[in-house]
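Whenever a hint applies, use it, and build me the whole structure from the sequences.
Chains G and L, in that order, give the protein sequences. Take 1 as the starting number for the first sequence in the working numbering and just add one per residue. Take 1 as the starting number for the second sequence in the working numbering and just add one per residue.
No false leads were mixed into what you were given.
Stretch by stretch, here's where chain L covers chain G in the computed footprint (C-beta under 8 Å, at least three residues):
1. 21-29
2. 32-45
3. 53-64
4. 122-133
5. 164-178
DSSO-like, lysine-lysine: derived pairs with alpha carbons at most 27 Å apart:
6. Lys179(G) / Lys125(G)
7. Lys125(G) / Lys180(G)
8. Lys125(G) / Lys182(G)
9. Lys179(G) / Lys5(L)
10. Lys182(G) / Lys5(L)
11. Lys184(G) / Lys5(L)
12. Lys180(G) / Lys90(G)
13. Lys70(G) / Lys24(G)
14. Lys90(G) / Lys125(G)
15. Lys184(G) / Lys125(G)
16. Lys90(G) / Lys184(G)
17. Lys5(L) / Lys180(G)
FYI, nobody ran anything at the bench for these hints, they're computed from the structure. Every residue gets a Cβ at the ideal spot worked out from N, C-alpha and C, and that includes glycine.
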Amino acid sequence: MSSKDDDEALIAAALNGSTFAWEKLVRRYESRIYNHGLRLMGNPTDAMDLMQEVFLGVYRNLHRFRGDAKFSSWIFRIAHNKAVDLSRRKRLLATQYRNDAAAGSDGLEPIASAHDEPDQQLGIKQRNTRISALLESLPLQQRLIVELKIFQSLTFDEIAQMQEISSNTAKTRFYGALKKLKMKTEETDVLP
Amino acid sequence: MSCPKTEHLLSRYLAGDMTPLAREELFRHLADCEYCGAEMRGLDSVQRQLGSWNDERVPHWDRGLELFRREHRVPKDHGKLPNLWQWLPTATSIAMLCLLLLNTSLVNSDQGLSVTFGSRLAATEIEAELAGFADAQRAEMQALIARFEQRQDNNNVQLLQAVMEQTQQTTAENLEQIYTYFEQQRLQDLQAMRASYEQLVDSDYETIRSIEQLAQYVSYQGDLR
Numbered sequence: 001m002s003s004k005d006d007d008e009a010l011i012a013a014a015l016n017g018s019t020f021a022w023e024k025l026v027r028r029y030e031s032r033i034y035n036h037g038l039r040l041m042g043n044p045t046d047a048m049d050l051m052q053e054v055f056l057g058v059y060r061n062l063h064r065f066r067g068d069a070k071f072s073s074w075i076f077r078i079a080h081n082k083a084v085d086l087s088r089r090k091r092l093l094a095t096q097y098r099n100d101a102a103a104g105s106d107g108l109e110p111i112a113s114a115h116d117e118p119d120q121q122l123g124i125k126q127r128n129t130r131i132s133a134l135l136e137s138l139p140l141q142q143r144l145i146v147e148l149k150i151f152q153s154l155t156f157d158e159i160a161q162m163q164e165i166s167s168n169t170a171k172t173r174f175y176g177a178l179k180k181l182k183m184k185t186e187e188t189d190v191l192p
Numbered sequence: 001m002s003c004p005k006t007e008h009l010l011s012r013y014l015a016g017d018m019t020p021l022a023r024e025e026l027f028r029h030l031a032d033c034e035y036c037g038a039e040m041r042g043l044d045s046v047q048r049q050l051g052s053w054n055d056e057r058v059p060h061w062d063r064g065l066e067l068f069r070r071e072h073r074v075p076k077d078h079g080k081l082p083n084l085w086q087w088l089p090t091a092t093s094i095a096m097l098c099l100l101l102l103n104t105s106l107v108n109s110d111q112g113l114s115v116t117f118g119s120r121l122a123a124t125e126i127e128a129e130l131a132g133f134a135d136a137q138r139a140e141m142q143a144l145i146a147r148f149e150q151r152q153d154n155n156n157v158q159l160l161q162a163v164m165e166q167t168q169q170t171t172a173e174n175l176e177q178i179y180t181y182f183e184q185q186r187l188q189d190l191q192a193m194r195a196s197y198e199q200l201v202d203s204d205y206e207t208i209r210s211i212e213q214l215a216q217y218v219s220y221q222g223d224l225r
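Okay, structure coming up:
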């Protein structure tokens with residue numbers, strides 16, 4: 001059974017009221033949505049808020065999912081729209097994550113698995129924090145394009161359709177975003 | 001120093017939709033243009049850096065289950081059936097594990113199919129153990145029977161001795177009674193004999209007196225004449 005068929009079976013069962021199917025569906029996508037939120041929103045609290053809003057939206061609109069597109073595309077379209085809404089609502093996005101990461105905790109620390117060494121966890125956290133800081137330097141529209149292109153591996157046509165822009169505009173924005181990130185990286189490398 | 005071709009070439013390069021000819025043109029340009037080469041290496045480096053993101057674990061949350069349960073009212077039967085199916089593989093696995101651990105095997109013998117647990121070696125050991133146990137039990141039972149019989153014999157002997165002693169005592173008492181009886185009879189006989197003798201003596205004395213009286217009478221008569 002393919003992932004698409006599997007998703008559709010879970011959706012059908014969830015629509016029939018199966019909590020087991022709903023939980024399985026959520027578990028399948030929660031990590032991708034949460035990390036999507038971390039990169040876009042820049043901090044775990046907002047990432048968690050975004051993830052909960054996304055799955056609430058999925059729950060409210062599950063009966064509207066027709067299966068024409070992949071469920072993953074549908075859920076990330078919801079996530080994209082929710083991220084835009086949330087970003088507009090929260091102008092003061094990002095500095096808290098860096099501050100909290102430096103302070104140690106914001107109350108939403110992920111539960112470390114048994115096989116993850118503390119050093120390894122710290123390394124991952126630091127690397128992710130650097131990437132989040134880089135992404136925060138971008139305007140939301142460019143950040144979304146980087147997210148969709150690099151992390152969600154969408155084509156420029158899909159990104160253009162999602163953002164209601166032309167494919168060439170998407171490509172230009174992506175190039176502009178990477179160029180800004182390159183400059184930001186060079187600044188960071190130069191500064192002590 | 002900059003290059004007028006940089007944006008056009010690198011935006012197409014990043015888009016990944018270059019024809020082979022355009023790609024060849026790009027690399028030819030990069031070989032000559034130091035600025036575009038450095039720019040492309042810088043953009044690649046940024047992409048690699050972004051690609052080094054490691055997904056973080058999701059903090060604990062209820063996955064909207066409370067909302068789902070509250071708002072999606074479901075008949076109870078609908079909720080239970082999938083749970084049973086969910087547990088079925090687990091139950092099967094546990095049953096298989098038990099069968100493996102118990103080393104269960106199906107044996108087709110003359111008496112029909114039978115299920116055995118444990119290895120054949122273990123079964124042989126168990127049979128030998130059981131045979132040994134049965135022998136030990138049998139030997140112990142024999143010993144008990146022997147002890148019981150010996151005790152019974154001892155009891156019989158004691159009883160016999162007691163009876164014999166009792167009988168001997170009775171016999172002795174009886175003999176003594178007979179002896180006493182005979183003794184009494186003998187004494188009674190002696191008394192009777194003495195009485196008879198005395199009576200006889202008295203009688204004789206009377207006779208003598210009569211004779212003497214008769215003699216006196218005769219003598220008297222003779223004198224008278």
